[in-house]
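Chemist: If you read the protein sequences in the order shown, they are chains H and U. Each residue of the first sequence is one higher than the last, beginning at 1 in our numbering. Each residue of the second sequence is one higher than the last, beginning at 1 in our numbering.
Hint data in this document are derived by calculation from the structure and do not stem from the laboratory. You may find that some hints are simply not true.
Claimed, not checked - Here are the simulated distance ranges between beta carbons:
id, chain 1, residue 1, chain 2, residue 2, range
1, H, A231, U, E39, 27 to 37 Å
2, U, G149, H, R271, 40 to 50 Å
3, U, A328, H, A30, 27 to 37 Å
4, U, K294, H, E300, 30 to 40 Å
5, H, Q267, U, R292, 17 to 27 Å
6, U, G295, H, T268, 18 to 28 Å
7, U, S296, H, E300, 30 to 40 Å
8, U, E322, H, E300, 23 to 33 Å
9, U, V116, H, M266, 50 to 60 Å
10, U, M266, H, R23, 57 to 67 Å
11, H, A297, U, R48, 21 to 31 Å
12, U, M266, H, A30, 44 to 54 Å
A quick note: this is a predicted structure, and the numbers were derived from the prediction, not measured. The C-beta atom is built at its ideal place from N, Cα and C for all residues, glycine as well.
Below, each chain spelled out in residue letters.
Protein chains: 2
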Amino acid sequence: MADNAQGPDRPVERVMPDHAIARGDIGAAARLMSDLDDEVPAARAQLRQLFPLTGRAHVIGVTGAPGSGKSTLVDQLVGAFRQRGDTVGVVAIDPSSPFGGGAILGDRLRMQRHSVDEGVFVRSLASRGYLGGLSRSTGDIIDVMDVMGKTVIIVETVGVGQDEIDIMRFADTVLVVQVPGLGDDVQAIKAGLLEIASIFVVNKSDLDGADQVVRDLESMLSTKTLRPGIATPGIVKVQATRGRGIAELVEAVDRHRSDSHGSDGMQTRHRRLEHRFYECLREALFAEACRRFKGSAAAERILAELRDRRIDPSSAATAAIEQIVGWAS
Amino acid sequence: MADNAQGPDRPVERVMPDHAIARGDIGAAARLMSDLDDEVPAARAQLRQLFPLTGRAHVIGVTGAPGSGKSTLVDQLVGAFRQRGDTVGVVAIDPSSPFGGGAILGDRLRMQRHSVDEGVFVRSLASRGYLGGLSRSTGDIIDVMDVMGKTVIIVETVGVGQDEIDIMRFADTVLVVQVPGLGDDVQAIKAGLLEIASIFVVNKSDLDGADQVVRDLESMLSTKTLRPGIATPGIVKVQATRGRGIAELVEAVDRHRSDSHGSDGMQTRHRRLEHRFYECLREALFAEACRRFKGSAAAERILAELRDRRIDPSSAATAAIEQIVGWAS
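I would like the entire structure built from these sequences, with the hints used as guidance.
Modeler: This is the structure in structure tokens:
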């Protein structure tokens, strides 16, 4: 809740909260994450207090089709960042479906070589719904890792559907992993990914066709008119299973990071924060409106007319809004 | 807007609107669709009047990965339905990206063999956003075709991301097209599609591996506990390029249609209609709230605190809602 005394005239001076999580208490961080997952109200209040401590980590999103080797790549990146002294958080989104998760979770086991490293914190989250979409708590978990002082946070998506779009709402740098052999049919998808990629990572660079993937990407990038102020995505070839190209990839990430640290980068961060705010606004407003609408006499009447097709969904919504908040249109 | 005089006590007696589109004026239908696309307010009002004439067509959604042969399959289905006297509407969702659309649009040209058939009406729509998602006007276009008296309406998705989920909001029967050769990596995706498929169509049944795809699907279906009241999806092998298996597929569609015509089917239709209503409610409420919020003094203050990370997005939303509608929480 905004305190009205903290208006724009108040000097911008932050009293940073002192908290066990910020002092390195890993157990407290893990508990807070679990409580946020379980939607414990006190956890939300705690995160609210900690929010001023966020916004310092560099968040890297990793997306790409299932089987493109994202988990192995993330494992290698963790190693490379650790070697130069970064502390790393990893948010791994797993498919929420009970099927097929096995292999993907199997890959995740590789991450265990970092499990004895106190500088690495890994947290898995189930994807939202059938076909992907980042978990609603993704932003919260990133925030907690940020408070923990992780300098780099890597978010690995399932690489299916909505979560590929969602990742750009959280990540400072988005790596889109491509592999040879998926055929021309994915061109349309690749074109869409142009909009979200900071860097294209061509993995399995030892396979036939890797150079063709690079050429295809270069050709798309040369013809594509990107939005003004957006740098052309770089392309880096790697062979994640052998650690080849990882150093070059880290360099490219650093370059993107420093490129985006000017006022453009700050604007992007602000825009992302506002986007999160408007998402919260939409969902909270809708939830509260439904709570007030459902079971009311007006709801009974409007829904009955809708079922009889005497009123269309859009007009029914207009009528409901008038009932709920008194806004006529 | 709901007329309050039309309360639940009013006898359920519909005065069906008389309209050129319902009388077969194809030009009027095409104009209305264009106007809906262009968001002409009068078009929305017209559709509102026509809404009581909707709900009669059987809507078939066709989804599956790019390259799985959806367009060829739809072309064959149109032919089969026409042969037995159905009139058919086709809504083809095209990727909105300028890249890669060529090949897909090329496939669509096959549909031209139906272009001289007055019993077939084809309408293309651009997908929403980068990575799919049905166009916002998909429901409207289906409604207009329904008013035109089309007995079958086929909606062909891009088969990427969100639009695969969206289709279940509109279709009575969802065909999920699978092809051999996409590898085990898509198992997780397939598992997700179990939730939305009425019928799995294994296309390119002449290729090696088609029987394996069928066995994989059968194995998944046998282990999967489906929600109560939901029939186990059928599996039909076809070779769309040669028209093989199409008769069997039409039979399976008919079976699914009659299975879903009981009270369960009516409940599903009502639930879909209510879902469309709640989607409209969410979006209209949010749009109006933003209109009232943006540029206000409260907005300036709340967004400034957010950018400084003095307030988190969720608390900022709570504060904004209190300002906009006076709901405190």
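Chemist: Compare the structure with each hint and give your call.
Modeler: Outcome of the hint check:
no., hint, in the structure
1, H/A231 <-> U/E39: 27 to 37 Å, "holds, 34 Å"
2, U/G149 <-> H/R271: 40 to 50 Å, "holds, 47 Å"
3, U/A328 <-> H/A30: 27 to 37 Å, "holds, 33 Å"
4, U/K294 <-> H/E300: 30 to 40 Å, "holds, 34 Å"
5, H/Q267 <-> U/R292: 17 to 27 Å, "holds, 25 Å"
6, U/G295 <-> H/T268: 18 to 28 Å, "holds, 22 Å"
7, U/S296 <-> H/E300: 30 to 40 Å, "holds, 35 Å"
8, U/E322 <-> H/E300: 23 to 33 Å, "holds, 29 Å"
9, U/V116 <-> H/M266: 50 to 60 Å, "holds, 59 Å"
10, U/M266 <-> H/R23: 57 to 67 Å, "holds, 59 Å"
11, H/A297 <-> U/R48: 21 to 31 Å, "holds, 23 Å"
12, U/M266 <-> H/A30: 44 to 54 Å, "holds, 48 Å"
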